[in-house]
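If you read the sequences in order, they're chains Z and B. If you're matching positions, the first sequence starts at 1 in my numbering and goes up one per residue. If you're matching positions, the second sequence starts at 1 in my numbering and goes up one per residue.
Do not rely on the hints blindly, as some may be mistaken.
Chain copies aren't distinguished; within one or between two, either way the pair holds.
With a Cα cut of at most 35 Å, we get these calculated DSBU-like pairs of lysine-lysine [as the list claims (entries may be wrong)]: (1) K52 to K237; (2) K234 to K52; (3) K175 to K259; (4) K288 to K45; (5) K175 to K154; (6) K52 to K197; (7) K294 to K45.
Since the hints were derived computationally from the structure, they do not count as laboratory data.
Protein chains: 2
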Amino acid sequence: MLDVCLLGCGGMMPLPYRSLTALMMRYNGNSILIDCGEGTQVSVKAQGWSFKPIDLICFTHYHADHISGLPGLLLTMGNAERTEPLLLAGPKGLEHVVNALRVIAPELPFPIQFHEWSGPYEVLERNGYRLEAFKVNHNILCYGYSITIPRVGKFDLERAKKAGIPQKYWSHLQKGETIQEGEQMFTPDMVLGEERKGIKLTYCTDSRPTPAIVNHARGADLFICEGMYGEPEKEAKAVEYKHMTFEEAAVMAKEAQVKELWLTHFSPSLVRAEEYMDSVRAVFPNSKAGRDRKCVELHYDE
Amino acid sequence: MLDVCLLGCGGMMPLPYRSLTALMMRYNGNSILIDCGEGTQVSVKAQGWSFKPIDLICFTHYHADHISGLPGLLLTMGNAERTEPLLLAGPKGLEHVVNALRVIAPELPFPIQFHEWSGPYEVLERNGYRLEAFKVNHNILCYGYSITIPRVGKFDLERAKKAGIPQKYWSHLQKGETIQEGEQMFTPDMVLGEERKGIKLTYCTDSRPTPAIVNHARGADLFICEGMYGEPEKEAKAVEYKHMTFEEAAVMAKEAQVKELWLTHFSPSLVRAEEYMDSVRAVFPNSKAGRDRKCVELHYDE
Chain Z
1 MLDVCLLGCG
11 GMMPLPYRSL
21 TALMMRYNGN
31 SILIDCGEGT
41 QVSVKAQGWS
51 FKPIDLICFT
61 HYHADHISGL
71 PGLLLTMGNA
81 ERTEPLLLAG
91 PKGLEHVVNA
101 LRVIAPELPF
111 PIQFHEWSGP
121 YEVLERNGYR
131 LEAFKVNHNI
141 LCYGYSITIP
151 RVGKFDLERA
161 KKAGIPQKYW
171 SHLQKGETIQ
181 EGEQMFTPDM
191 VLGEERKGIK
201 LTYCTDSRPT
211 PAIVNHARGA
221 DLFICEGMYG
231 EPEKEAKAVE
241 YKHMTFEEAA
251 VMAKEAQVKE
261 LWLTHFSPSL
271 VRAEEYMDSV
281 RAVFPNSKAG
291 RDRKCVELHY
301 DE
Chain B
1 MLDVCLLGCG
11 GMMPLPYRSL
21 TALMMRYNGN
31 SILIDCGEGT
41 QVSVKAQGWS
51 FKPIDLICFT
61 HYHADHISGL
71 PGLLLTMGNA
81 ERTEPLLLAG
91 PKGLEHVVNA
101 LRVIAPELPF
111 PIQFHEWSGP
121 YEVLERNGYR
131 LEAFKVNHNI
141 LCYGYSITIP
151 RVGKFDLERA
161 KKAGIPQKYW
171 SHLQKGETIQ
181 EGEQMFTPDM
191 VLGEERKGIK
201 LTYCTDSRPT
211 PAIVNHARGA
221 DLFICEGMYG
231 EPEKEAKAVE
241 YKHMTFEEAA
251 VMAKEAQVKE
261 LWLTHFSPSL
271 VRAEEYMDSV
281 RAVFPNSKAG
291 RDRKCVELHY
301 DE
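Could you build the full structure based on these sequences and the hints that come with them?
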């Protein structure tokens with residue numbers, strides 16, 4: 001199960017009634033944060049989630065509304081006496097930006113590790129999930145992310161028997177363990193059918209629509225995508241500032257055949273996102289307007 | 001009239017129910033901000049005050065909870081198409097710290113000017129107010145501030161008559177104007193009595209109690225002072241981290257004979273400041289616990 005919380009749904013600047021866009025996910029005892037704007041740590045607290053299990057913070061890009069909250073979050077994690085290393089990942093330039101911001105957070109009781117993306121597509125496997133970073137199209141280098149929890153195939157009794165694997169090893173192999181017995185090696189693929197569809201979430205802000213986003217979001221259980229402007233007539237503005245309208249995001253959701261779309265990163269000029277959702281749902285029915293701390297648990301298909 | 005708003009009353013980290021300590025003052029069309037932590041701009045918006053008239057931002061020191069909100073605020077001011085210069089003032093090192101933080105706010109449509117304090121006491125006269133900066137005692141270089149709105153003396157009819165000043169100039173001289181008539185020069189002091197008590201506000205966070213704070217707060221209409229800990233038994237902790245207990249602040253308020261004390265910069269561990277106020281009022285009766293956006297208008301004495 002992937003526990004998902006959209007910590008905020010605003011773009012550009014934090015507002016009294018709308019936090020900046022950031023995403024937190026909990027999986028199997030670890031937490032991942034994507035982006036950390038001014039006030040993101042407040043939203044984590046308001047949600048009642050803990051900073052302690054965060055072992056990876058990814059950044060889409062280095063505009064202030066996506067990283068301005070990092071020094072404060074690092075200090076808060078330090079004040080909680082964290083000593084475990086923290087991995088930060090983001091477009092190239094990460095270490096430079098973070099070290100500059102640390103002018104006000106120079107001393108931390110835990111080490112920071114950096115992982116910079118530079119190619120059009122990069123993968124990080126970690127703690128049982130797969131994180132894919134893919135370049136999008138903003139006015140500075142910017143990445144979208146897909147996080148996938150893979151799911152092994154069903155236990156295949158006939159195969160296990162045919163291969164002559166002792167029954168006492170079946171449950172171990174099913175859990176992904178490899179067994180050595182004398183000269184013989186038993187591996188999970190000897191008892192399992194084809195890998196099944198896992199859990200997939202795709203997150204994209206800030207960008208114009210691109211074919212890469214559609215490709216990477218394909219079949220996602222949840223596609224969280226920026227929609228800076230609700231009004232379709234603001235498409236010219238979206239083009240100018242390299243953002244999207246709600247409808248542009250919905251068209252991508254439809255093309256990518258995702259299960260559900262959440263819109264986020266609303267312009268401060270957009271007061272009630274819901275007003276524009278009817279025309280969005282005409283394009284892609286399962287569309288939702290994001291709101292601060294909108295949450296969902298994503299499970300394997302039954 | 002000096003319009004005062006304590007934007008937050010927290011220390012260390014912003015909380016869902018408590019913003020970081022910062023102060024905004026409005027006087028005669030200009031606004032002054034002291035400190036700008038993560039979320040300070042949200043509190044300004046929640047109060048409904050405008051960023052536009054801010055022409056001076058002072059910093060007490062460069063711990064993150066006092067300056068982490070600056071890049072976001074600068075960008076928000078820039079997004080509102082500000083072109084007027086903005087003056088930043090603070091302990092030496094200001095330009096270095098601000099320039100480092102601007103890694104995420106490199107382009108602004110207005111110029112930034114820097115004014116750094118280094119002596120134990122410095123004064124800035126500006127837009128009809130006097131700002132005094134005085135060194136306090138924290139674990140890094142830190143200043144307290146007094147802001148004073150001076151008040152001219154009463155109009156002295158007898159003096160004006162004796163000096164033979166034409167009646168048509170009286171109101172101009174009373175307003176502080178100087179009049180040149182041929183070879184003759186008439187100045188305000190020729191028609192005014194002694195300068196009267198103006199408006200004074202003193203602001204101090206983060207520090208141990210010091211005689212300088214008492215001296216600079218003397219006679220203030222409002223003394224806003226840190227009280228990191230409500231519990232008197234936390235004095236040892238206050239000494240260790242160079243902060244104060246509520247009672248230590250109250251003792252200074254009493255010694256300085258201020259009119260009113262507001263406590264602020266509460267530790268995240270302190271949930272209800274009001275619980276400790278009885279013992280504070282036993283020391284200095286007119287003590288109030290700060291809260292987010294606690295406001296007052298300070299007027300001249302009648």
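| Is it within, between, both, or neither for K294 and K45, if the alpha carbons may be no more than 35 Å apart? | both (14 Å within a copy, 23 Å between copies)
| request: Please work out whether the CA atoms of K288 and K45 approach to 35 Å or closer within one copy, between two copies, in both situations, or in neither? | output: For K288 and K45, both the intra-copy (24 Å) and inter-copy (27 Å) Cα distances are at most 35 Å.
| task | Indicate which option fits the pair K175, K259 if close means a Cα-Cα distance not exceeding 35 Å: within, between, both or neither. | result | within (28 Å within a copy, 71 Å between copies)
| Is it within a copy, between copies, both, or neither that the alpha carbon of K234 lies no farther than 35 Å from that of K52? | The answer is between: 26 Å across copies meets 35 Å, while 41 Å in one copy does not.
| said: Cα distance capped at 35 Å. Does K175 pair with K154 within a copy, between copies, both, or neither? | reply: Cα proximity of K175 and K154: one copy only (11 Å, versus 89 Å across).
| request: Check K52 against K237 for me: Cα-Cα at most 35 Å, and say if that holds within a copy, between copies, both or neither. | output: between (40 Å within a copy, 25 Å between copies)
| Is it within, between, both or neither when you check K52 against K197 at 35 Å Cα-Cα? | within (30 Å within a copy, 53 Å between copies)
In summary, the structure agrees with every hint in the numbered list given earlier.
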